[in-house]
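Student: Single-letter residue listing:
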Amino acid sequence: MLTYYFDLALRSLKRNRALTALMVLAIALGIGASMTTLTVLHVLSGDPLPGRSGSIYYPQLDPLDMKDYTPGIEPPEQLTWTDGMYLLHSKRATRQALMTGGMVPLQPTQSSIDPFQAVALYTSTDFFPMFGVPFQYGTGWSEAEDNGKARVVVITSALNDKLFGGKNSVGQILRLQESAFRIVGVLGDWHPNPHFYEWYMGRYASDEDVYLPLTTSRDLLMEHDGSTDCWGNGGGDPDHLETNNCTWLQFWVQLDSPASAAAYRDFLMHYSQDQRTAGRFMRPPNIRLRTMMQWLDYIKVVPSDTVLQTWLALGFLAVCLINTVGLMLAKFMRRSGELSVRRALGASQRAVFGQLLMESGVIGIAGGLSGWMLALLGLWLVRQQPANYAKLAHMDVTMLLMTFALAVSASLLAGLLPAWRACRITPALQLKGN
Amino acid sequence: MSVHPMIAALRKHKAGVILIAMQIALTLAIVCNAIFIIYTRVDNVRRPSGLDEANLFLVTQQWVGAPSGDDPDSIAKLDALEREDLAALRAMPDVESVTPTNSVPLLNSSWTGSVALKPGSDLRGGTARTAFYFGDENELATLGVRLVAGRNFTAADVVNRAMRDQRQPSLVIVSKALGDKLFPKGDAVGKAVYFNGDTMPTTIVGEVERLQVPSTSSWSSGFFWDTTIAPIRLNANFSRYLIRTKPGRLEAAMRAVTPTLYKTNPMRVLDDDSVKSFADIRSDAYRADIGMAVLMGIVCLILLAVTAAGIVGLTSFWVGQRHRQIGVRRALGARKIDILHYFQLENLLIAGIGALIGIALAIGLNMVLIKNFEMSRMPIVYVLGGLVVVLLLGQAAVFVPARRASNVPPVVATRSV
Chain A
1 MLTYYFDLAL
11 RSLKRNRALT
21 ALMVLAIALG
31 IGASMTTLTV
41 LHVLSGDPLP
51 GRSGSIYYPQ
61 LDPLDMKDYT
71 PGIEPPEQLT
81 WTDGMYLLHS
91 KRATRQALMT
101 GGMVPLQPTQ
111 SSIDPFQAVA
121 LYTSTDFFPM
131 FGVPFQYGTG
141 WSEAEDNGKA
151 RVVVITSALN
161 DKLFGGKNSV
171 GQILRLQESA
181 FRIVGVLGDW
191 HPNPHFYEWY
201 MGRYASDEDV
211 YLPLTTSRDL
221 LMEHDGSTDC
231 WGNGGGDPDH
241 LETNNCTWLQ
251 FWVQLDSPAS
261 AAAYRDFLMH
271 YSQDQRTAGR
281 FMRPPNIRLR
291 TMMQWLDYIK
301 VVPSDTVLQT
311 WLALGFLAVC
321 LINTVGLMLA
331 KFMRRSGELS
341 VRRALGASQR
351 AVFGQLLMES
361 GVIGIAGGLS
371 GWMLALLGLW
381 LVRQQPANYA
391 KLAHMDVTML
401 LMTFALAVSA
411 SLLAGLLPAW
421 RACRITPALQ
431 LKGN
Chain B
1 MSVHPMIAAL
11 RKHKAGVILI
21 AMQIALTLAI
31 VCNAIFIIYT
41 RVDNVRRPSG
51 LDEANLFLVT
61 QQWVGAPSGD
71 DPDSIAKLDA
81 LEREDLAALR
91 AMPDVESVTP
101 TNSVPLLNSS
111 WTGSVALKPG
121 SDLRGGTART
131 AFYFGDENEL
141 ATLGVRLVAG
151 RNFTAADVVN
161 RAMRDQRQPS
171 LVIVSKALGD
181 KLFPKGDAVG
191 KAVYFNGDTM
201 PTTIVGEVER
211 LQVPSTSSWS
221 SGFFWDTTIA
231 PIRLNANFSR
241 YLIRTKPGRL
251 EAAMRAVTPT
261 LYKTNPMRVL
271 DDDSVKSFAD
281 IRSDAYRADI
291 GMAVLMGIVC
301 LILLAVTAAG
311 IVGLTSFWVG
321 QRHRQIGVRR
331 ALGARKIDIL
341 HYFQLENLLI
351 AGIGALIGIA
361 LAIGLNMVLI
371 KNFEMSRMPI
381 VYVLGGLVVV
391 LLLGQAAVFV
401 PARRASNVPP
411 VVATRSV
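Chains as they are written, first to last, in the UniProt record's numbering: chain A, 1 to 434; chain B, 1 to 417.
By construction, these hints were calculated from the structure, which means they are not laboratory data.
Heads up, some of the hints might be wrong.
[Unchecked claim] Derived pair list, reagent style DSS-like, types lysine-lysine, alpha-carbon separation capped at 30 angstroms:
1. B:K12 with A:K14
2. A:K162 with B:K263
3. A:K391 with B:K276
4. A:K67 with B:K191
5. B:K181 with A:K67
6. A:K300 with B:K371
7. B:K276 with A:K162
8. B:K118 with A:K67
[To be verified] Away from chain A, derived, C-beta distances all over 10 angstroms, residues of chain B:
9. I370
10. V388
11. L392
Every residue gets a Cβ at the ideal spot worked out from N, C-alpha and C, and that includes glycine.
Given only the sequences and the hints, what does the whole structure look like? Please build it.
Tutor: Below you can see the structure in the form of structure tokens.
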């Protein structure tokens, strides 16, 4: 029966090639545009640590003075050194790491490679286990090395390939900003996107080259990049960031259950209260404890242009669909004579409805296929853009399936009203009219 | 021609009429807003930076094994390295003028602070925000900005300071926009101001006509033209030089600059991004804006084409359906032009209803964009423009099927099928 319906649909579509082409093209353009933008959005708003992100939290405190204070105001995005170090050392979470990014001059011992600026992350020992960072060789550093401001460094596999030809370089010496660092670990393949833990240095596709203890970076006064926000009098003198009224550090914690998250929230609250009593904090306790995905949403990690483009494409799809509904309606109603004959010869209303819906389904599949190709072309165009996220724009299986689901359901939806109207034609009236 | 029978006829085709009207409404809403977005982006790109942008390029480099810059001795060493570079660059045959600088407009690397009329005013509570440019007595000439009041820096004004030095400059040149903001009477030259909550006054010695801040993002929109130039040569382990070449010698100078610097002092890092023409800086800064504008433009065109095709399709169907009635009207004495006008007026009616809904949708969409995407209010002229466009589009699309309808011969009325 279905093959018969399919055959009927093809015949009907062939009879009116221009109209068929127009309908397929409209659906293809709508689907192509929507899928291109939805895929980019899907890639950019993805979970950087699947399976782990639910237990990673970003605590915020508010150490600012009363200037510009209104109840409910958002606390600063980062922490001061004093608060960050206190939270780090009190170890109230399963794991915790304090961090900031920077650029460090790297002087390779090989004369064949020119000195260059390495992208560095200054952090603490729990960074690696908390985020589940894989190691190719060696491991991270210990807490003792954090406390001892040890000259140790973890490098990425890309840097290891560049400097040591991919061989196990653990124990080798790396010269960073005039100092000798001992390599303790080489990372495996690890590229979380969005680059959630340090978003000031780049939000997408921005891997570091080296990781070293935060304490060591302060000891050597390594350049800290990203944002430094200061309040009150006095500026952000980079050499005395430990004592200045500036927020410049990012702090992540791992909390394995809702109960421990609630306990941590209480801890932050009490700390704020104590600091206020001690006269260090001016504002009433103003804390936040967002999960990683809530945090990414809060800092609007997805570029607003991308979101705008997605809405534009969906609006475009809506117009294309309305257009297809109109054209299909015209087409089906035009065939009311033919349909009446079929009804008069005994085809049930359901059979006619099914036949017409099959016709719109065929258009949907054709539109979906061409839309998918347009989306592949669109993504290729996106990848040619210079934006840092551009090279991530690839269609995965989820999005591929979604393309077809969207195309077929859209065109079935578009076929529903016309088919329903057409199958309700009273055969006698039509036949008499002719 | 009476509209009454037309409305009666349209009521027989409710579904089709509603679909066309909806399509026109959505098209109008999207197209108006898209064109407004294009205009906003293009307007951003077209605003002049205040610089004479031709023949300009920027070199950013870093010394290897440079002194720390923490004590007077090492600052002096850093300054010596920088002056050595400047001398070498100025000696290049194609170079007209050179200044050390911390940033340039459109580079998106900013050094911002506050400026107040009272000493010790809080950092965040300053009267105005400003972006700083640090250079020497050649800064104005190299940037190509025009001095409109006061005087330029002299070599004697220029001091060198470590990057981390928190002291404020003793004299500055400000943009006219900033000068007028601080001193609305327009007499900023000679006045004292206080930067970054400091208690030490700084004297304004001159005003330049126009100079944009380095940032092009929205956070800087509140002080986009409020800039301050200080006669300070910053000493750090890296340096940046803005170079104006002789007319037409930009490429030659850009090619020669890396070898020249390496010859002066080989202990430095220069990579692919180190030497950048101002044209490249400009295109990098606005690439996303231009991309968005092009995309919006393409979507608008396709949208209009799809809508036009839809109107042609549906009207053709109606013409086919009313074949016989048209014949009857013709037989009863209607002229060809009457039939043509009938379809044109019918389309105008439907498109008009659609456009009315579309205007409401367009304004609603604009409000959503204002709320969520930092857009500004769309001037009503865009909506009116959009209205004219969709009405004309409807008329253009209906013309071919309507012409076909007007060519239906009266004899059709006498045929049974």
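Student: Work down the list of hints and note, for each, if the structure agrees.
Tutor: Hints versus structure:
1. B:K12 with A:K14: Holds, at about 29 angstroms.
2. A:K162 with B:K263: Holds, at roughly 27 angstroms.
3. A:K391 with B:K276: OK: A:K391 and B:K276 at ~23 angstroms, within 30 angstroms.
4. A:K67 with B:K191: holds, 28 angstroms
5. B:K181 with A:K67: Distance of about 23 angstroms is within 30 angstroms: holds.
6. A:K300 with B:K371: holds, 14 angstroms
7. B:K276 with A:K162: Holds, because 26 angstroms separates the two Cα atoms, which is no more than 30 angstroms.
8. B:K118 with A:K67: holds, 18 angstroms
9. I370: Non-interface label on B:I370 holds, nearest chain A Cβ at 12 angstroms vs cutoff 10 angstroms.
10. V388: Since the minimum Cβ distance to chain A is about 19 angstroms, B:V388 lies beyond 10 angstroms and the statement holds.
11. L392: Holds: least Cβ distance 18 angstroms, greater than 10 angstroms.
The structure is consistent with each of the numbered hints, conforming to all of them.
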